[in-house]
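K.L.:
The lines below spell out each chain.
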Amino acid sequence: MIQAPVAPEAPARGVAVHARALTHSYGRGRHGVAVLRGVDLDIDAGSHVALQGPSGAGKSTLLILLGGLEAPRSGQLSVGEHDLLGVHGRALAAYRRAVVGFVFQHFGLVEVLSARENVMLAMSLSGVPMAARRQRADQALESVGLSHRATHRPSHLSGGERQRVAIARAIVNEPPLLLADEPTGNLDDEAAVRILDLLDVLREERGCTLVVVTHSALVAARADRRLQLRDGVVAP
Amino acid sequence: MISVAIAAACAGCAGGPPPLPTGPPIPEGGQPVVYAALGASETVGTGLNDIALRARFAWPQLFFNMVLPRAGTYYNFAVPGITTAAALYSEVPQALAVHPTVVTVFFNIDDLVNGVSPTDFGTNLDAIVHALRQDGRARVLVGNAPAIDSLPAFKACQGQATGPAHCPLPAGITIPPQATVDAAVDAYDAAITAVVAREGATLVDVRAHSDVLTTNPEDIAADGLHPSPLGDQMLAALFAAAYTTARRG
Amino acid sequence: MSWRDGIALAVRSVTRRPARTVLTILAVALGSGLLVALVAIAQVADTQVIGQLGKGGPTSAIAVLPAAATSAQLGTDSAQGGEVNPITLATVNAIQNAPGVSSIQTVLSQAVFVVPPPLGGSIPSFTGDDPDRRLPRPFADNLVGVDLKSSGQLPITVLAGRLPSAGSTSEVVVTAGYFDHLQLDIKHPETVLGVVIEIGAPQVVDAGGGVVRGRWTRAAITGVVAQNAAGGDLLGAQELASADRAWQLGGVDGNSIGIPLPSSPYASLIVIADSLNDVHQVRAEITTLGFANSAPEHLVASTQRYLHVVDIVLGAIGTIALVIAVLGIANALLAAVRERRREIGILKAIGARDGDILRWFLAEAFVVGGIGGILGTLFGLAAVTITAQVVDSYLVEQGLSNVSLGGVPLLTALIGVVGSLLLSLLAAAWPALRAARLPAREAVGAL
Chain A
1 MIQAPVAPEA PARGVAVHAR ALTHSYGRGR HGVAVLRGVD LDIDAGSHVA
51 LQGPSGAGKS TLLILLGGLE APRSGQLSVG EHDLLGVHGR ALAAYRRAVV
101 GFVFQHFGLV EVLSARENVM LAMSLSGVPM AARRQRADQA LESVGLSHRA
151 THRPSHLSGG ERQRVAIARA IVNEPPLLLA DEPTGNLDDE AAVRILDLLD
201 VLREERGCTL VVVTHSALVA ARADRRLQLR DGVVAP
Chain B
1 MISVAIAAAC AGCAGGPPPL PTGPPIPEGG QPVVYAALGA SETVGTGLND
51 IALRARFAWP QLFFNMVLPR AGTYYNFAVP GITTAAALYS EVPQALAVHP
101 TVVTVFFNID DLVNGVSPTD FGTNLDAIVH ALRQDGRARV LVGNAPAIDS
151 LPAFKACQGQ ATGPAHCPLP AGITIPPQAT VDAAVDAYDA AITAVVAREG
201 ATLVDVRAHS DVLTTNPEDI AADGLHPSPL GDQMLAALFA AAYTTARRG
Chain C
1 MSWRDGIALA VRSVTRRPAR TVLTILAVAL GSGLLVALVA IAQVADTQVI
51 GQLGKGGPTS AIAVLPAAAT SAQLGTDSAQ GGEVNPITLA TVNAIQNAPG
101 VSSIQTVLSQ AVFVVPPPLG GSIPSFTGDD PDRRLPRPFA DNLVGVDLKS
151 SGQLPITVLA GRLPSAGSTS EVVVTAGYFD HLQLDIKHPE TVLGVVIEIG
201 APQVVDAGGG VVRGRWTRAA ITGVVAQNAA GGDLLGAQEL ASADRAWQLG
251 GVDGNSIGIP LPSSPYASLI VIADSLNDVH QVRAEITTLG FANSAPEHLV
301 ASTQRYLHVV DIVLGAIGTI ALVIAVLGIA NALLAAVRER RREIGILKAI
351 GARDGDILRW FLAEAFVVGG IGGILGTLFG LAAVTITAQV VDSYLVEQGL
401 SNVSLGGVPL LTALIGVVGS LLLSLLAAAW PALRAARLPA REAVGAL
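Protein chains in written order, with UniProt numbering: chain A, 1 to 236; chain B, 1 to 249; chain C, 1 to 447.
Hints are supplied without guarantee of correctness; some may be wrong.
From the structure, some residues in chain C lie toward chain A, with a derived Cβ separation under 10 Å [said to hold, decoys possible]:
| hint | residue |
| --- | --- |
| 1 | Met1 |
| 2 | Val14 |
| 3 | Arg342 |
| 4 | Gly345 |
| 5 | Ile346 |
| 6 | Ile350 |
| 7 | Asp354 |
| 8 | Asp356 |
| 9 | Pro439 |
| 10 | Arg441 |
| 11 | Glu442 |
For the record, the hints were derived by calculation from the structure and aren't laboratory data. It should be emphasised that the depicted structure is a prediction, and the values quoted were computed from it without experimental measurement. Ideal placement from N, C-alpha and C gives every residue a C-beta, glycine not left out.
From just these sequences and the hints, can you work out the full model?
P.N.:
Encoded structure:
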């Protein structure tokens with residue numbers, strides 16, 4: 001188990017998510033493909049939600065919209081105080097830096113940077129002063145139990161260690177919304193359990209909202225709530 | 001007299017292998033000296049019948065290059081066949097015009113051949129040396145006369161020719177007996193010694209080396225009278241040694 | 001992301017594909033090196049070629065000869081002279097007052113007899129019956145006397161050693177002709193440096209009797225030169241030539257024995273015009289005064305035109321090479337953008353703006369272009385230096401001046417580095433923009 005520092009009680013720093021008649025499609029006109037067809041969704045601040053459903057149901061697209069990677073085509077989507085409809089470019093990038101922490105199935109680490117530098121990269125994008133970056137990166141790595149691997153490049157880390165670096169990078173800016181897609185998809189069972197434990201600890205400690213896209217019943221079982229997407233809508 | 005004919009046709013002069021490695025013994029630095037050579041045919045380099053040979057081997061040239069500083073200038077006012085009486089009115093004024101600081105004076109045979117008495121010779125030589133001394137501003141070296149009775153040319157005049165040398169005396173003039181000649185040479189050298197002493201000049205004792213200069217065939221030119229390149233080197237060495245000794249003294 | 005962070009990330013990124021990075025850097029290095037080398041060589045060549053036209057002196061120098069100018073004089077660069085027209089002090093003053101004249105250098109040429117070493121006590125002992133003892137023969141020549149304080153204004157080029165000290169009467173320099181006289185190899189000028197020779201000036205006392213007296217001085221050879229001031233294989237201070245000249249003038253004319261008195265007080269004048277543009281006007285004035293003269297004015301003008309064309313062609317070749325090289329940067333960056341689509345998306349997902357991505361790729365181009373530019377410039381300068389040395393030895397062999405790089409290539413080097421950087425950034429602009437505009441959902445591949 002990860003021996004992360006445990007806060008006496010979880011601070012309510014997460015954000016609530018509300019979506020109404022949310023649609024999204026790729027392409028336009030006759031060639032357009034509607035992926036989300038009217039999603040209605042409410043996620044409480046600080047909750048842990050698992051998004052499930054078959055491939056092509058729109059799980060990843062919903063994560064893209066929640067993460068501010070694209071603006072929705074229509075409907076309503078608010079994350080905390082942020083209304084994401086019609087938000088583009090620099091404003092959307094600012095939203096991502098301020099609100100979202102991503103954990104990718106394939107880790108998404110920059111191979112030529114060490115674990116510490118990967119974590120620091122997120123801070124450099126957020127404009128954190130150089131002097132503070134190293135200390136905060138080391139704190140983040142410590143919180144995922146990887147202080148001793150700070151100078152190692154991803155290629156010298158195991159899959160579980162890489163994912164923990166990715167988690168450290170995701171939390172270093174202390175985002176209120178943590179998005180994870182199949183965070184254990186590339187890990188063996190033992191490593192998967194340790195990552196899930198870590199995510200639980202961090203969420204409890206930091207009070208952030210955690211949305212996990214997964215096919216795994218084991219992962220989904222950890223969530224407070226499980227939502228099923230089918231054909232671009234949330235199944236009842 | 002040095003005949004410096006600036007021959008345009010000197011293209012053919014060059015020849016032979018590259019020059020030998022040299023370390024000229026020309027003294028560096030020192031006060032610039034002006035050297036004037038006065039004398040007759042020996043001083044011109046008459047035994048060296050080639051301009052280029054004279055430019056290198058005439059004994060004043062050798063003397064100049066042996067002991068005088070690089071910044072020195074050298075003039076040769078010698079005229080073949082000249083006597084002291086004539087030199088007093090031609091060579092001496094010309095030499096004084098260049099304000100020499102070192103002078104070599106080498107007259108004897110031509111006065112002897114022309115029958116100048118030792119007394120007149122001494123008087124003329126005294127006047128020459130006195131003028132050239134310039135109240136002590138110039139160091140004057142005077143060479144005395146070698147014994148000439150062994151010279152091939154002298155022997156030719158006596159009808160005892162042993163080589164290609166010819167008697168240089170005009171037809172009709174006969175050479176006095178050897179004892180008379182020797183006595184005259186002695187008297188000349190006595191006069192020279194007296195002049196040197198009187199005028200504070202330096203004697204170059206050529207006579208002391210007569211046995212080499214006038215008897216060794218390699219020291220004598222083909223005319224049997226004048227020095228060969230080797231003879232010139234010996235004469236130059238004598239003058240150089242006297243100069244060096246006098247300077248030290 | 002700041003520029004500093006961008007460069008730090010770029011430095012790491014270029015190590016991902018070391019072979020591609022090295023090849024791209026080499027391409028830029030070759031391009032910039034070629035540009036620097038060609039431009040520098042062109043500039044040095046310009047300076048040297050034009051300098052050569054001045055024979056070591058200023059290109060605005062005009063040689064005035066003691067001969068009457070013919071009517072064809074002004075139409076040609078070379079001297080068109082007829083009968084003797086002595087150059088006197090009055091001539092000097094008249095030319096000095098002409099418009100466009102900057103300065104005048106007087107040149108003497110004195111007939112002398114030269115005795116090469118060994119001298120005096122260095123002559124080896126007598127062996128055999130060769131009266132010359134196989135020594136180099138003394139020879140007749142001319143001593144050219146110039147004002148050595150103004151040697152920069154004279155058509156003199158030092159090939160080895162140095163010029164005599166100004167005013168020194170015990171130092172001379174020699175030309176290739178001296179080597180010819182002594183059958184020495186001009187390829188080894190050091191063989192004569194420091195050697196002391198004896199120089200005799202003649203004074204004809206009796207031309208009929210062939211009575212000539214010498215004024216002898218000695219001088220150390222301090223250098224080997226190519227000179228066009230006047231005819232003669234020895235060159236020394238004007239003081240030395242003047243003293244020899246005065247000695248000769250103290251005698252009589254020895255024309256019948258090959259030692260004529262000098263026909264002109266000065267052997268030539270070197271007139272320096274204010275600028276190349278004034279050369280023609282000054283030549284016209286000198287021609288009007290009645291003196292033959294020469295200056296490479298027509299040659300300089302036509303040569304400058306040709307050199308300008310050569311400069312353009314060489315510069316264009318170098319620029320094309322550099323452009324091709326930086327296109328390599330563009331190609332490498334486009335490949336990098338293709339490879340890093342997911343990474344770009346991830347960076348955007350964690351908050352990167354378009355500008356951050358733009359900076360990242362521009363910084364990569366800056367690093368590659370900078371390293372390539374610096375290496376290329378060093379390579380170019382090395383190529384120029386080596387070329388200059390090869391050309392230098394050839395020129396010295398030919399009795400011409402050596403090559404001076406001067407400060408021009410350093411400026412060219414700076415331009416080479418900065419140019420490489422700017423062109424690299426320009427080439428990187430499109431790939432960097434493409435990368436910056438990739439949608440953030442490219443990260444989806446990783447989701």
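K.L.:
Would you mind marking each hint as holding or not holding in the structure?
P.N.:
Do the hints match the structure? See the list:
no.	hint	result
1	Met1	holds (5 Å)
2	Val14	holds (9 Å)
3	Arg342	holds (7 Å)
4	Gly345	holds (8 Å)
5	Ile346	holds (4 Å)
6	Ile350	holds (5 Å)
7	Asp354	holds (7 Å)
8	Asp356	holds (6 Å)
9	Pro439	holds (7 Å)
10	Arg441	holds (5 Å)
11	Glu442	holds (9 Å)
In this structure, every one of the numbered hints holds.
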